[in-house]
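The listed protein sequences correspond, in order, to chains A and V.
Take the first sequence: its letters are residues 1 to 217, numbered as in the working numbering.
Take the second sequence: its letters are residues 218 to 573, numbered as in the working numbering.
These aren't lab readings, by the way, just hints derived from the structure by calculation.
Certain hints may be false.
What the hints assert, rightly or not - Derived DEER-like restraints, expressed as beta-carbon distance ranges:
no. : chain 1 : residue 1 : chain 2 : residue 2 : range
1   : A       : N192      : V       : S235      : 47 to 55 Å
2   : V       : P310      : A       : R206      : 23 to 31 Å
3   : A       : E127      : V       : R374      : 36 to 44 Å
The beta-carbon is built from N, C-alpha and C at its ideal position, and this holds for glycine as well.
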Amino acid sequence: MPEADGPKANQNPSKSITRRRFILGVIAGGAVVGAASYRILAPGRGRSFGGERLITLNVNGQPRRVEVMKQEMLAWTLRYKLGLTGTKLGCDRAECGACTVLIDDVPRYSCSVLTNTVRGRKVTTIEGLAADDGTLHPVQQAVVDAQGFQCAFCMSGFIMATVGFLKTHPVPTRTELAHGISGNLCRCQDYNKILDAMMLGAENMRNAVPAAEKARS
Amino acid sequence: MAVIRDVMPAFDLLQPNSAAEAQKLLQQNDDVWVMAGGLDSFDWLKDRIKKPKVLVDLSGVEELKGIRATSDGPRPSLEIGAMTTLTEIANHPAIQKDYGVLAQAVSLVASPQIRNQGTLGGNVSQDVRCWYYRGGWPCYRAGGNICYADTPVGRNREHAIFGANRCVAVHPSDSVPALIVLDAKFVVQTAKGEQVVDVEDYFVGPEADITRINMLRPGDLLTAIRIPATWGGAKFYFEKVRDRNVWDFPLMNVASAIKLNGNTVDQIRIAVNAASPRPMRLKAVEDAVRGKPANTETSEMAGKLAVEGAVPLQFNGYKIPLMRNLVKRAVVGVTQPPMNGAMAANAAAEEATCRS
Chain A
1 MPEADGPKAN
11 QNPSKSITRR
21 RFILGVIAGG
31 AVVGAASYRI
41 LAPGRGRSFG
51 GERLITLNVN
61 GQPRRVEVMK
71 QEMLAWTLRY
81 KLGLTGTKLG
91 CDRAECGACT
101 VLIDDVPRYS
111 CSVLTNTVRG
121 RKVTTIEGLA
131 ADDGTLHPVQ
141 QAVVDAQGFQ
151 CAFCMSGFIM
161 ATVGFLKTHP
171 VPTRTELAHG
181 ISGNLCRCQD
191 YNKILDAMML
201 GAENMRNAVP
211 AAEKARS
Chain V
218 MAVIRDVMPA
228 FDLLQPNSAA
238 EAQKLLQQND
248 DVWVMAGGLD
258 SFDWLKDRIK
268 KPKVLVDLSG
278 VEELKGIRAT
288 SDGPRPSLEI
298 GAMTTLTEIA
308 NHPAIQKDYG
318 VLAQAVSLVA
328 SPQIRNQGTL
338 GGNVSQDVRC
348 WYYRGGWPCY
358 RAGGNICYAD
368 TPVGRNREHA
378 IFGANRCVAV
388 HPSDSVPALI
398 VLDAKFVVQT
408 AKGEQVVDVE
418 DYFVGPEADI
428 TRINMLRPGD
438 LLTAIRIPAT
448 WGGAKFYFEK
458 VRDRNVWDFP
468 LMNVASAIKL
478 NGNTVDQIRI
488 AVNAASPRPM
498 RLKAVEDAVR
508 GKPANTETSE
518 MAGKLAVEGA
528 VPLQFNGYKI
538 PLMRNLVKRA
548 VVGVTQPPMN
558 GAMAANAAAE
568 EATCRS
């Protein structure tokens with residue numbers, strides 16, 4: 001319909017729709033301004049309204065400044081932005097467990113976690129397990145001693161899942177441990193040796209605690 | 218279909234801190250996707266089957282998380298926030314003690330890592346798993362005019378034996394049958410205000426609206442699941458049958474809650490999922506079993522009655538004896554639970570969880 005300018009146009013329904021649209025536009029604009037001010041005034045939880053581009057991640061106890069896309073997954077950020085390639089990408093669909101990392105000490109598939117959702121949370125990868133002087137984590141040491149893996153592509157995922165499970169179940173039976181780390185697959189079908197190694201790891205962890213206490217006293 | 222290993226196409230990410238804010242964002246934006254745990258969402262987004270412009274991530278909304286007692290007494294009714302993880306529900310002492318069927322159901326979902334991230338709200342609201350639909354084929358549910366699964370050569374081993382209406386996909390949730398037998402209520406925030414609905418009424422069958430799986434309209438938000446004390450401490454049964462013991466969706470699952478009076482079934486609720494596009498409460502079975510002695514004869518009758526009217530497809534005829542047996546066990550198994558290897562392992566693991 002052609003644009004009408006005359007005084008009669010006030011009676012024209014198309015004109016009133018245009019005006020309504022205009023008013024709606026003003027309201028929407030206000031909402032944008034409102035959202036922008038919210039972004040600045042966001043309460044101190046370290047989260048703002050929308051996904052951010054430049055964020056700080058707490059990875060293995062260190063603050064890491066990194067530029068991310070809004071649709072970026074944690075596994076991608078860890079591997080390709082932070083160089084932590086110990087975390088493997090297997091299926092990229094939460095179906096294999098190779099990308100398992102700990103988020104606030106809980107095992108999660110990093111291929112299925114948006115990087116923007118872990119701002120302000122504690123991320124632990126396989127690189128963060130060993131002590132600063134290079135001493136391996138008791139579970140890592142057990143894997144070395146028991147030769148737990150064949151090709152070991154799935155190893156970092158298995159170790160992270162085990163370390164996470166042992167935090168809540170320090171004295172598991174073999175069946176319980178198998179159930180606890182059942183969210184990880186091994187294509188070499190090496191499960192028996194993996195479980196041997198992880199059971200040894202659990203034992204190492206229990207022994208490591210008194211040893212550390214002895215060293216301190 | 219080829220699996221694409223790359224960053225997803227771009228979308229705008231909004232991360233509200235409160236439920237009210239989240240709802241406002243859902244109503245303000247067109248083409249918006251609500252994400253809870255994300256396990257269902259990312260399949261769609263990574264495969265480029267769904268390409269929303271805006272993603273609203275609810276993981277920062279603390280008020281939607283947690284389990285609260287909403288009444289006093291030794292067996293309180295509970296309100297579970299929609300964003301509570303399945304692990305938290307499975308390990309919650311009050312749920313394990315009084316509403317064990319729910320703890321058992323959610324502990325059988327997918328894998329440990331998925332249960333650490335997946336939420337109850339997401340589990341009940343997830344979409345169907347039919348691979349034609351998931352693969353982006355233009356089927357009825359996707360807005361097209363054909364069903365690829367219901368043809369003489371369609372792969373329909375996992376599909377429906379009840380309630381098919383053009384679409385033959387089944388509802389895949391494990392938690393829903395448990396929630397049905399507990400008589401749970403869903404709290405939904407809509408543009409018109411808060412609505413509290415029965416579990417069965419939350420789901421929409423293909424005969425009513427083939428492109429929706431639940432009552433949520435754009436802008437609506439499921440905020441909580443309420444569990445009344447009605448069935449607390451009843452005798453429960455839950456069983457899930459699947460091809461492999463981790464990750465897999467159910468070929469079928471069954472849940473029941475029974476209150477016995479002596480050896481007579483006084484009250485009963487029984488539900489089955491993965492048998493039809495909508496989770497099924499077996500009201501006819503409940504009516505037939507009520508007042509009968511809890512014995513093998515009653516359970517045989519219940520099993521036969523449950524599968525009456527089932528219409529198998531080319532490759533899922535096995536689901537009829539499967540459902541008959543599951544219902545049979547759910548009625549009598551309350552007093553004599555059958556234990557297969559997987560269930561025994563699961564029971565052992567659960568025992569361990571209780572101990573720790």
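Comparing the hints with the structure gives:
1. Under the hint 47 to 55 Å, the C-beta atoms of A:N192 and V:S235, about 49 Å apart, fit the expected range.
2. The beta-carbon spacing between V:P310 and A:R206, approximately 26 Å, falls within the hinted interval of 23 to 31 Å.
3. Under the hint 36 to 44 Å, the C-beta atoms of A:E127 and V:R374, about 43 Å apart, fit the expected range.
Of the numbered hints listed earlier, not one is contradicted by the structure.
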